[in-house]
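A.B. asks: So the chains spell out like this:
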Amino acid sequence: MSHLSYDQSKSIATKTIIILAVITVFEVLFALLGKGYLVEGFRISGWITGGVMITLSLVKAYLIVYEFMHMKYEVPGLVKTVLLPTLLLVWAIISFIAEGKYWETSRSSVKNHTTEIMVKK
Amino acid sequence: MASDTIAHDHHTEAHTDGSWKGGSEPFKASYGKLMMWYFLLSDAFTFSGFLISYGALRFSMASWPVPDFVFSAFPGGIHHKPLLFVTVMTFILLASSFTMVRAVQEGHRENKRGVVVWMLWTIVGGAAFLGCQAWEWNTLMKEEHMSIVVNPFGTHVEAGQYLTGDGHDIKEGDTFHAGESYLIHKHDNEWAPLKFKVTEGPNAGLEKEQSFGPKAFGALFFFITGFHGFHVLSGVAFLLIICLNSATGLYAKRRNGYEMVEKIGLYWHFVDLVWVFVFLLFYLL
Numbered sequence: 001m002s003h004l005s006y007d008q009s010k011s012i013a014t015k016t017i018i019i020l021a022v023i024t025v026f027e028v029l030f031a032l033l034g035k036g037y038l039v040e041g042f043r044i045s046g047w048i049t050g051g052v053m054i055t056l057s058l059v060k061a062y063l064i065v066y067e068f069m070h071m072k073y074e075v076p077g078l079v080k081t082v083l084l085p086t087l088l089l090v091w092a093i094i095s096f097i098a099e100g101k102y103w104e105t106s107r108s109s110v111k112n113h114t115t116e117i118m119v120k121k
Numbered sequence: 001m002a003s004d005t006i007a008h009d010h011h012t013e014a015h016t017d018g019s020w021k022g023g024s025e026p027f028k029a030s031y032g033k034l035m036m037w038y039f040l041l042s043d044a045f046t047f048s049g050f051l052i053s054y055g056a057l058r059f060s061m062a063s064w065p066v067p068d069f070v071f072s073a074f075p076g077g078i079h080h081k082p083l084l085f086v087t088v089m090t091f092i093l094l095a096s097s098f099t100m101v102r103a104v105q106e107g108h109r110e111n112k113r114g115v116v117v118w119m120l121w122t123i124v125g126g127a128a129f130l131g132c133q134a135w136e137w138n139t140l141m142k143e144e145h146m147s148i149v150v151n152p153f154g155t156h157v158e159a160g161q162y163l164t165g166d167g168h169d170i171k172e173g174d175t176f177h178a179g180e181s182y183l184i185h186k187h188d189n190e191w192a193p194l195k196f197k198v199t200e201g202p203n204a205g206l207e208k209e210q211s212f213g214p215k216a217f218g219a220l221f222f223f224i225t226g227f228h229g230f231h232v233l234s235g236v237a238f239l240l241i242i243c244l245n246s247a248t249g250l251y252a253k254r255r256n257g258y259e260m261v262e263k264i265g266l267y268w269h270f271v272d273l274v275w276v277f278v279f280l281l282f283y284l285l
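Protein sequences appear in the order of chains A and B. Per this note's numbering, the very first residue in the first sequence carries number 1; after that it's consecutive. Per this note's numbering, the very first residue in the second sequence carries number 1; after that it's consecutive.
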């Protein structure tokens, strides 16, 4: 339970929702700008837009968990038991994306091989 | 807060013999709240499993439908408004998260009326989100004929020029670049992929036909947004029950006050949190 007064927590909630809304609008506009929908002929590399949007989504996740779900006001032990296990996911993401890349090369070599056989026939 | 003090006194009197009898609260959180956190942790792993498989399959495909093209319809027959509808959905869910926070805050100061009113707004938000999702699914399935096994959203891997038109947006002679997505339409219940001529690259001059996009796209989309939507649906059901219990004064009588409102609040914010990542992966990237 928080040690904040009713008015304090009310104003924090209002601020948080405004920040979340602004970030969401910015993300959508940035995605559209990066893909050339807003300014004719202007595009941004997918790596940059992707990086910016992943970072902003993590900021949104932080705000939801820490302010809305009150994680900020829980004791450190509780925070650790909930958040540390999620760090395991970092490796899961890296390894499965790498695996996906490997599947892509396998797929294209299978495809090339089948075309070769078809051509020989 | 008054009821909290009473509850605390009761605890210390009844259980003075050690932690294992429930006398002390680990992490200074009640049993219910702590277990809600661990349930959400396990649920986060389930969702991560889904989202990571989305990432792996997307990276394994040579091409992937462009989300700005796929999700560009808006109710009222409006088309070509990329991401507009899904942004509205995101705002509805965010707003309902805010009304949920307000309900929890009113619960802290034992204001029954406040709790009920803000929870009702949260229920309205959840129901509106589900309505939007129903519309989105309906458009994808009925108008665009996407299913878990057929994905008519393909993507060009080479630049070219259309040799036929589809009577919708594409006319004969229209040119396109590599990386642009298209939708294969149905005519008289038959798929009608368009023919085009490749104009660049090693295949320049060849005549080709639009091909279907990766099947995994439809399967992943319906399973992941469906699983999330099911969370929203069960969230709305629990919100209704807890709202009713608050309205009848059940929680005012209990010693732990409006803790149920806090617990469903945690769940509801988690649903919003998952949407942040579904939104990121399916629509933004």
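Calculated directly from the structure, the hints in this document are not laboratory data. Errors might be hidden in some of the hints.
[To be verified] Using C-beta positions, here's what the derived DEER-type ranges look like:
{"no.": "1", "chain 1": "A", "residue 1": "Thr114", "chain 2": "B", "residue 2": "Val149", "range": "18 to 24 Å"}
{"no.": "2", "chain 1": "B", "residue 1": "His168", "chain 2": "A", "residue 2": "Gly36", "range": "32 to 38 Å"}
{"no.": "3", "chain 1": "B", "residue 1": "His80", "chain 2": "A", "residue 2": "Ser106", "range": "52 to 58 Å"}
{"no.": "4", "chain 1": "A", "residue 1": "Ile93", "chain 2": "B", "residue 2": "His168", "range": "34 to 40 Å"}
{"no.": "5", "chain 1": "B", "residue 1": "Ser42", "chain 2": "A", "residue 2": "Asn112", "range": "39 to 45 Å"}
[Stated by the list, open to error] Computed cross-link-like contacts, DMTMM-like style, restricted to lysine to aspartate or glutamate with a CA-CA straight-line distance of at most 25 Å:
{"no.": "6", "chain 1": "A", "residue 1": "Lys101", "chain 2": "B", "residue 2": "Asp68"}
{"no.": "7", "chain 1": "B", "residue 1": "Lys171", "chain 2": "A", "residue 2": "Glu40"}
{"no.": "8", "chain 1": "B", "residue 1": "Lys215", "chain 2": "B", "residue 2": "Glu144"}
{"no.": "9", "chain 1": "B", "residue 1": "Lys186", "chain 2": "B", "residue 2": "Asp68"}
{"no.": "10", "chain 1": "A", "residue 1": "Lys15", "chain 2": "B", "residue 2": "Glu25"}
{"no.": "11", "chain 1": "B", "residue 1": "Lys197", "chain 2": "A", "residue 2": "Glu116"}
{"no.": "12", "chain 1": "B", "residue 1": "Lys253", "chain 2": "B", "residue 2": "Glu25"}
{"no.": "13", "chain 1": "A", "residue 1": "Lys35", "chain 2": "B", "residue 2": "Glu158"}
{"no.": "14", "chain 1": "B", "residue 1": "Lys28", "chain 2": "A", "residue 2": "Glu40"}
[Claimed, not checked] Under 10 Å between C-beta atoms, here's a sample of chain B residues computed to sit facing chain A:
{"no.": "15", "residue": "Phe45"}
{"no.": "16", "residue": "Val104"}
{"no.": "17", "residue": "Val117"}
{"no.": "18", "residue": "Trp121"}
Here a beta-carbon is modelled for each residue, glycine too, at the ideal position from N, C-alpha and C.
A.B. asks: Look at each hint and say if it fits the structure.
C.D. replies: Structure-based check of each hint:
1. Thr114/A x Val149/B: 18 to 24 Å: With a Cβ separation near 22 Å, Thr114/A and Val149/B satisfy 18 to 24 Å, so the hint holds.
2. His168/B x Gly36/A: 32 to 38 Å: violated, 22 Å
3. His80/B x Ser106/A: 52 to 58 Å: Because 37 Å falls outside the window, the suggested range is violated.
4. Ile93/A x His168/B: 34 to 40 Å: holds, 38 Å
5. Ser42/B x Asn112/A: 39 to 45 Å: holds, 43 Å
6. Lys101/A x Asp68/B: holds, 23 Å
7. Lys171/B x Glu40/A: holds, 22 Å
8. Lys215/B x Glu144/B: holds, 14 Å
9. Lys186/B x Asp68/B: Holds: Lys186/B and Asp68/B sit about 21 Å apart, inside 25 Å.
10. Lys15/A x Glu25/B: violated, 32 Å
11. Lys197/B x Glu116/A: holds, 23 Å
12. Lys253/B x Glu25/B: holds, 22 Å
13. Lys35/A x Glu158/B: Between Lys35/A and Glu158/B the Cα gap is close to 18 Å, so the pair holds against 25 Å.
14. Lys28/B x Glu40/A: Since the Cα atoms of Lys28/B and Glu40/A sit roughly 56 Å apart, the hinted pair is violated (cutoff 25 Å).
15. Phe45: holds, 8 Å
16. Val104: At about 8 Å, which falls below the 10 Å cut-off, the nearest Cβ of chain A leaves the hint on Val104/B intact, so it holds.
17. Val117: Violated - the Cβ of Val117/B stays beyond 10 Å from chain A, reaching only about 15 Å at its closest.
18. Trp121: violated, 13 Å
Hint compliance for this structure: hints 2, 3, 10, 14, 17 and 18 are broken, all remaining hints hold.
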